Structures are given as C-alpha cells and as structure tokens.
Amino acid sequence: MKVTIFGTGYVGLVTGTCLAEVGHEVTCVDVDQAKVDGLNNGVIPIYEPGLEPMVINNHQQGRLHFTTDAAKAVKFADVQFIAVGTPPDEDGSADLQYVLAVAKTIAEHMDSFKIVIDKSTVPVGTADKVSAAMADTLAARDADIDYQVCSNPEFLKEGAAVADFMKPDRIVIGTASESVEQTMRELYGPFNRNHDRILFMDVRSAELTKYAANAMLATKISFMNEMANLAEHVGADIEAVRHGIGSDPRIGYQFIYPGCGYGGSCFPKDVQALARTAGQVGYEAELLNAVEAVNNRQKHRLFAKLSDYYNGQLAGKTIAIWGLSFKPNTDDMREAPSRVLMESLWQAGAKVQAYDPVASEETQRIYGERADLRLCDEQLDALDGADALVVCTEWSNFKSPDFALIASKLADKLVVDGRNIYGPEITQDHGLDYRGIGRRS
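Those letters in the sequence shown? Residues 14 to 454, per the working numbering, in order.
Please note that a few of the clues may not be correct.
Claimed, not checked - Calculated pairs, BS3-like style, for lysine-lysine (alpha carbon to alpha carbon, straight line, at most 30 Å): (1) K132 with K117; (2) K132 with K48; (3) K170 with K132; (4) K180 with K15; (5) K412 with K170; (6) K132 with K180; (7) K170 with K15; (8) K233 with K340; (9) K85 with K15; (10) K142 with K15; (11) K142 with K88.
Rather than coming from a laboratory, the hints here were simulated on the basis of the structure.
A quick note: this is a predicted structure, and the numbers were derived from the prediction, not measured.
Let the sequences and hints guide you as you build the complete structure.
If you want it as structure tokens, here you go:
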C-alpha cells in the first residue's frame with residue numbers, strides 16, 4: 014500500500030519507518046526543510062534504539078521518502094496519517110492547531126477519496142473537528158470529494174518504540190466504516206499474523222482509550238510515589254511494600270516503581286489534557302488533578318533531600334548528576350525531573366556536573382553554555398570534585414557501579430538515588446550516605 018504521513022517527529026517517523034519495513038511505500042512530509050534534508054541524508058532527528066538503520070535501509074530501498082511538498086504527498090496515497098504535535102495550550106488542553114492545519118492541507122490538495130487517520134494523541138471529539146475542517150475547505154473549493162476520518166492512536170514507549178510498533182500489544186482503530194475497517198486490516202496485516210491484535214471501536218472510544226491508558230499508568234506511578242513519601246514518615250521501606258503489593262496478581266509489578274516523578278512528551282501532557290477535557294464537559298476529574306499534583310511535587314524531592322542534608326546551604330556545592338533524560342534509552346528531556354533538580358540547584362548557588370549516555374546534546378541545546386553546568390563525556394568524570402551524587406535516570410550502566418570508587422571521589426560521600434536502583438545496605442558498606450525514595454536507611 015501507499016501511505017502518506019504528515020509529521021516526522023517521534024510518532025510520525027517511527028510509524029512511517031515501520032510501515033515501510035514491512036513493504037508499504039511511505040512518504041513522510043514535514044514543513045521543516047532542514048529536518049527533511051537531514052532525513053534524506055540519513056540524519057535522524059531523535060534517538061530511538063534500532064530506528065536509524067531501519068530509516069536508512071528503507072530509504073535506500075526506495076520504500077521511505079521524505080519531502081516538504083504537501084501537494085505531492087497528498088496525491089501520493091489514499092491513506093493519510095496525521096502525526097503532528099499536539100503541545101499543551103496555556104490551560105493544559107491539547108493544542109490542535111497543527112492537526113487541523115494538516116486536515117485543511119489534505120482537503121486543499123486532494124482530488125480523490127482519502128482515508129485520514131488521526132495518529133497524534135488528540136482529545137475526544139478531534140476526529141469530528143478534523144472532518145469539519147476538511148468539509149469547510151472542500152466547500153470553499155466547491156469540490157465534492159468523499160473522505161473518511163478515523164482514529165488510530167499510538168501506544169509507543171520511548172526507548173522501545175520500534176519493538177512496540179513491530180510487535181504491538183493491540184492496534185486500536187476507531188471507525189464506523191466497513192471500507193475503512195477493510196483498508197486498516199490490510200495496512201496492519203503484517204503486524205497481525207500471530208493473532209488478531211486489532212480492536213475496532215467507535216471513534217470517540219478510540220480517542221479516549223489512548224488518554225485513559227496513559228492516565229492509568231501515570232496514576233500508578235503517582236500512587237507509588239505517594240506511598241514512598243508516606244513510608245519515609247512512618248519508618249517503612251517502600252521496596253518491601255512494593256514486593257508485598259506487586260505479588261498480588263490484581264496489582265502486578267509493572268509501573269509500581271517509586272522515584273522522582275514521571276516526565277516525557279506523553280504522561281504529563283496527556284493527564285493535563287484529559288483533565289481539561291473533563292472540565293470542558295462539566296466534570297471535575299479530581300483523581301487526574303491529584304495525579305498531576307503529586308507528580309509535580311515529586312520532582313522536587315531530590316532537591317529537598319539535598320537541601321535537608323546540607324541544611325539549606327547548597328551555595329558553592331558541586332552536585333554530580335547521573336542521567337538527564339526523563340527515562341533510559343531516549344534523549345528526550347521534556348518534563349524531565351533532572352531539569353527541575355538542576356534549575357533548583359542553580360537557584361541555590363550550586364554547580365552541576367552531569368553525565369547522560371545520549372541526552373547531553375539536548376541538555377546543551379536547552380541550557381546553552383553556563384558556568385554552573387559541566388556536561389561530562391564519561392560517567393566517572395561527573396564525580397571529579399563533586400560533593401554529592403544524584404541519580405535521576407535508571408540507565409543500565411548506572412546500576413552496578415564501583416561504590417568504593419564513588420566514595421573515594423565524593424567529598425561528602427552522599428548518594429541521592431532518585432530511582433531506587435541501589436540500596437542502603439550496599440552503599441553504606443562502602444561508607445556512603447544513601448538517601449533513596451521511600452527507603453529506610
């Protein structure tokens with residue numbers, strides 16, 4: 014099949030590349046000429062394990078194309094994906110200007126039937142708005158051309174997006190059209206051979222499914238962070254509690270790891286947007302508001318632990334940070350807890366020496382050159398001359414360090430573990446003062 018995808022960001026690029034990988038011919042269109050030029054020359058704008066060789070190979074094989082020519086892209090295929098950004102508006106709701114702009118662009122250039130697929134994470138009712146925008150544009154052209162709009166939300170985890178797309182848990186499609194259903198079955202056939210993973214439903218249910226999934230996962234994280242904070246007050250150890258509740262099959266072990274808060278491009282934005290959607294229809298989503306509030310507070314826990322240790326006297330201190338991205342296997346710094354920590358440390362007069370396997374360049378882009386930030390090329394370099402170490406991201410290469418070496422390098426022998434990847438016993442055996450999240454020293 015021929016497929017057009019508007020947007021070469023995280024969702025659009027992964028979707029287009031994986032569809033090309035199974036044999037479809039895909040054109041990805043973007044307004045950013047520099048990004049398109051880079052993609053045509055094998056320069057991938059995001060870090061995602063396994064994506065770069067797949068993009069390069071499919072581009073060389075002629076199955077994956079990149080262009081800024083929207084008219085050409087619309088004419089290229091009957092199947093048109095909208096995979097552009099939906100950043101939070103000032104009130105936290107999803108900003109649909111880019112989604113609706115693409116809908117109008119498709120309607121401006123189409124001369125035959127199109128299936129328009131909302132792949133971006135969008136609020137309930139967006140498909141209706143996309144359809145209305147297309148109808149208005151076609152009416153202005155005095156063009157009577159048929160089209161269908163369906164919802165096909167993505168469920169990709171950053172750091173595992175290629176694997177998630179190639180071997181999906183489920184493929185959710187919202188449509189009432191039998192012809193669209195048949196086309197989507199053909200499109201996703203290569204990903205659906207082992208057993209039927211496609212879930213067809215009405216459009217609004219598909220739109221809500223995406224938000225509900227992310228909100229549920231965010232809720233589990235905030236709940237465990239709330240329990241971890243409570244554990245510190247009552248003298249319990251959250252690791253023991255985690256095992257105690259995770260062994261219940263009704264709860265399970267996934268997403269019950271306490272830490273310094275969730276970040277990224279999905280959970281914070283989607284929880285906010287879903288809460289605002291509720292407000293727009295007159296329903297107060299108290300649980301969603303609490304999930305967001307707990308997470309925002311949790312991001313300040315690392316600084317609070319440092320401030321408590323130093324009695325608020327952080328000026329002149331040098332703090333080593335391991336991990337800057339919001340999670341491992343990505344360079345995404347959006348809403349990352351490390352940003353809250355670094356900005357709080359700078360405001361308190363401290364210096365930061367940080368190491369991340371892939372996110373240093375993104376950190377440099379965000380903060381630029383500054384005297385109180387040193388981005389290190391090696392993990393151990395961040396410890397040189399540092400007073401304390403803070404772990405913000407649970408990268409694999411951080412999990413079994415040389416604690417004796419850490420103790421020899423840190424002036425104050427303090428380790429603040431924002432992801433609970435160590436433990437008080439092993440660190441204290443090497444003379445380190447360990448502060449975890451909800452851990453009993």
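Checked hints:
1. K132 with K117: holds, 16 Å
2. K132 with K48: Answer holds: K132 to K48 is near 20 Å, not above 30 Å.
3. K170 with K132: Given that 30 Å is the threshold and the Cα spacing comes to 15 Å, the pair holds.
4. K180 with K15: Roughly 21 Å between the alpha carbons, so the hint for K180 and K15 holds.
5. K412 with K170: Judged against 30 Å, a Cα distance of about 21 Å means the pair holds.
6. K132 with K180: holds, 17 Å
7. K170 with K15: holds, 26 Å
8. K233 with K340: holds, 16 Å
9. K85 with K15: holds, 13 Å
10. K142 with K15: holds, 25 Å
11. K142 with K88: holds, 22 Å
Consistency note: the structure conflicts with none of the earlier hints.
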